[in-house]
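S.K.: In the order they appear, the protein sequences are chains A and B. Residue numbers for the first sequence, in my numbering: 1 to 297. Residue numbers for the second sequence, in my numbering: 1 to 228.
Hints are supplied without guarantee of correctness; some may be wrong.
Stated by the list, open to error - Partner residues aside, some chain B positions facing chain A, computed with beta carbon under 10 angstroms: (1) 16; (2) 18; (3) 41; (4) 44; (5) 45; (6) 48; (7) 84; (8) 87; (9) 90; (10) 94; (11) 154; (12) 157; (13) 160; (14) 227.
Unchecked claim - Chain A regions said to be covered by chain B (calculated; three or more residues, Cβ under 8 angstroms): (15) 246-259; (16) 272-283.
Unchecked claim - Pairwise CB distance ranges (calculated): (17) A:40 to B:170: 44 to 52 angstroms; (18) B:29 to A:74: 53 to 61 angstroms; (19) A:19 to B:87: 26 to 34 angstroms; (20) A:74 to B:45: 37 to 45 angstroms.
Calculated directly from the structure, the hints in this document are not laboratory data. For glycine and all other residues, C-beta sits at the position ideal for the given N, C-alpha and C.
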Amino acid sequence: MSDLVIETSGLRKSFRGQAALNGLDLRVPAGSIFGFLGRNGAGKTTTIKLLMGMLRADGGSINIFGTPIINEAAATKVRESIGFVAEDKELYPYMTVEQIIRFTRPFFPGWRSDLEQRYLEAFELPPGRKIPDLSKGMRSKLMLLLAIARGAKLLILDEPTDGLDPAALEEVLRELVTVSAAEGITIFFSSHQLAEVEQIADHVAIVDHGKVVVGDALDDLKARYRRLHIVFENAPGAPVNWGDGAERVRQEGRSVSILASRNVEELIGQARAIPGASVEQFPVGLKEIFMEHVRVN
Amino acid sequence: MLWMKAWLETRWRLLYVLGLPLAGLALRWTAGVHSAEDARKLVAWLSFFAIFSPIYLAGAGIRTQSGLQATKGIHGSMYYTLSMPVSRLRLLSIRTACGFLETAAVDAIVLSSAWLCIPAVRMLAAVDLLQLILAAIVCTACFFFLSVLLATFLTESWQIWGSLLVVALIWQAISHASIPASANVFQFAADASPLVTHTLPWPAMTISVAASIILFLVSWRVVQVREY
Chain A
1 MSDLVIETSG LRKSFRGQAA LNGLDLRVPA GSIFGFLGRN GAGKTTTIKL LMGMLRADGG
61 SINIFGTPII NEAAATKVRE SIGFVAEDKE LYPYMTVEQI IRFTRPFFPG WRSDLEQRYL
121 EAFELPPGRK IPDLSKGMRS KLMLLLAIAR GAKLLILDEP TDGLDPAALE EVLRELVTVS
181 AAEGITIFFS SHQLAEVEQI ADHVAIVDHG KVVVGDALDD LKARYRRLHI VFENAPGAPV
241 NWGDGAERVR QEGRSVSILA SRNVEELIGQ ARAIPGASVE QFPVGLKEIF MEHVRVN
Chain B
1 MLWMKAWLET RWRLLYVLGL PLAGLALRWT AGVHSAEDAR KLVAWLSFFA IFSPIYLAGA
61 GIRTQSGLQA TKGIHGSMYY TLSMPVSRLR LLSIRTACGF LETAAVDAIV LSSAWLCIPA
121 VRMLAAVDLL QLILAAIVCT ACFFFLSVLL ATFLTESWQI WGSLLVVALI WQAISHASIP
181 ASANVFQFAA DASPLVTHTL PWPAMTISVA ASIILFLVSW RVVQVREY
């Protein structure tokens, strides 16, 4: 099997002429917790539906576990190894917790009864309770249980923590990290909650207007990105042509703010070469990287 | 498990579809059915329900079982259904089979109840009644599969009203055409009834089966190409 669990290349999808995905390239390493970030309408759910075979791509390719998802049969086969939490968090309202577990179990030969029991207890889910009588948080936890206990090698979670209170959020995030580490499960989750992504993800991709605008290991991103703050003695007469790596440049009077994604030392050298310029550099968080990319795009 | 899900989705509706003609039967019973002619009229009247029960039963849960429009509400999430490692053909087939069996059961239970409860109905030949049950199930199959097709792309209420409208249009069209009663899918409880002819309306049954197969294949195609 490839080291990549999910790989998409040039993925395109339009709805009534409106592009939702515009050449999306995604590479999700095996065993990673991959945060898929973007504003509402950026293309996150469309991507997830394409991965699950609910939509068909207009162009590009999808590989999951090295299998090209080229038809319904391939998508159906691959779903045996995927746990899924949909954005709507809806289950069958005429079933109880126990019934939906009993319903789901036979579809997955690798069903993990030990994980089922563990999360029934950890999430305090009452087996006899009807699904409509569960709180939104409990329903999210039940969906997570159903996804994990499938014995999946990949969890695809669409806004899994949406609607959870802070305590439940912490609990769910902790369990996701635990299950990923203990079972070697790859977790691909979409979110627009930067704090939770930063808390558990080791890889991220920021999608905007249907394209990945930033994608890398989170630690590498944080190590690579720097905010440069440059103050000149006198405002430069002409705009400075900053070198490679200056992603976002904002100038106000005598000061320039640069978001640098690489070649930080070269950019600092370039600034210092300007007479009377002082340069400071600051580490950058995921929020700042996200805001800079989705704002400009 | 998909059978269990289909049953849980349709059981209350089945009860309703079953309850209406049985309530009607009880009313007619108390009013008195004395002659063989009365019994034939009663059975024809009960058979009339056979046209509507498939329309009603086809819609219940078809959408979610095959992963169609419903995103929430009484049928729950289609996304959960579609996340299963199950082909859309299997989802559609099981749900359709469950609905069809329920429809057949409704026809059989209602007409058998009339035979069991009303002495005048027992004056009719049992073999004729059995033939009527079979004719009712087969002749109305095309209405069931029409409803299945509409359920693949219409919401539930539109599917029911749409089915009724299309059935009414077909009935109008057929009644203006000079089609023999034995080839008319609406006449299984009237002129072509086995209670009258003492034989099965084979042409109508063949037409219904052929139409049902075509409608199911179109439904399958719709479910395959639809995006959710």
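S.K.: Residue 157 (chain B) was flagged as interface toward chain A. Is the shortest Cβ-Cβ separation under 10 angstroms?
M.R.: The hint is violated - residue 157 (chain B) has no Cβ within 10 angstroms of chain A, the shortest such distance being about 18 angstroms.
S.K.: Interface hint check: residue 154 (chain B), Cβ to nearest Cβ on chain A, cutoff 10 angstroms. Holds or violated?
M.R.: violated, 19 angstroms
S.K.: Answer holds if the nearest beta-carbon of chain A is closer than 10 angstroms to that of residue 18 (chain B); otherwise answer violated.
M.R.: With Cβ-Cβ at 19 angstroms, over 10 angstroms, it is violated.
S.K.: Determine whether the Cβ-Cβ distance between residue 19 (chain A) and residue 87 (chain B) falls within the hinted range of 26 to 34 angstroms.
M.R.: holds, 29 angstroms
S.K.: Is the shortest C-beta separation between residue 45 (chain B) and chain A less than 10 angstroms?
M.R.: violated, 33 angstroms
S.K.: Indicate whether the distance between the beta carbons of residue 40 (chain A) and residue 170 (chain B) respects the range 44 to 52 angstroms.
M.R.: holds, 46 angstroms
S.K.: Is the interface hint satisfied for residue 48 (chain B)? The criterion is a beta-carbon contact with chain A at less than 10 angstroms.
M.R.: The hint is violated - residue 48 (chain B) has no Cβ within 10 angstroms of chain A, the shortest such distance being about 30 angstroms.
S.K.: Taking the closest Cβ pair, is residue 90 (chain B) under 10 angstroms from chain A?
M.R.: holds, 9 angstroms
S.K.: Note whether the CB distance of residue 74 (chain A) and residue 45 (chain B) lies within 37 to 45 angstroms or breaks it.
M.R.: violated, 53 angstroms
S.K.: Take the shortest C-beta to C-beta distance between residue 227 (chain B) and chain A; is it under 10 angstroms?
M.R.: It holds, given that the least Cβ distance between residue 227 (chain B) and chain A is near 5 angstroms, below 10 angstroms.
S.K.: Using the nearest Cβ pair, does residue 87 (chain B) come within less than 10 angstroms of chain A?
M.R.: holds, 5 angstroms
S.K.: May I ask you to test the interface hint for residue 16 (chain B) with respect to chain A, counting a Cβ-Cβ separation under 10 angstroms as satisfied?
M.R.: Given a least distance of 15 angstroms, the restraint on residue 16 (chain B) is violated.
Violation of the numbered hints given earlier is confined to hints 1, 2, 3, 4, 5, 6, 10, 11, 12, 13, 15, 16 and 20; the remaining hints are satisfied by the structure.
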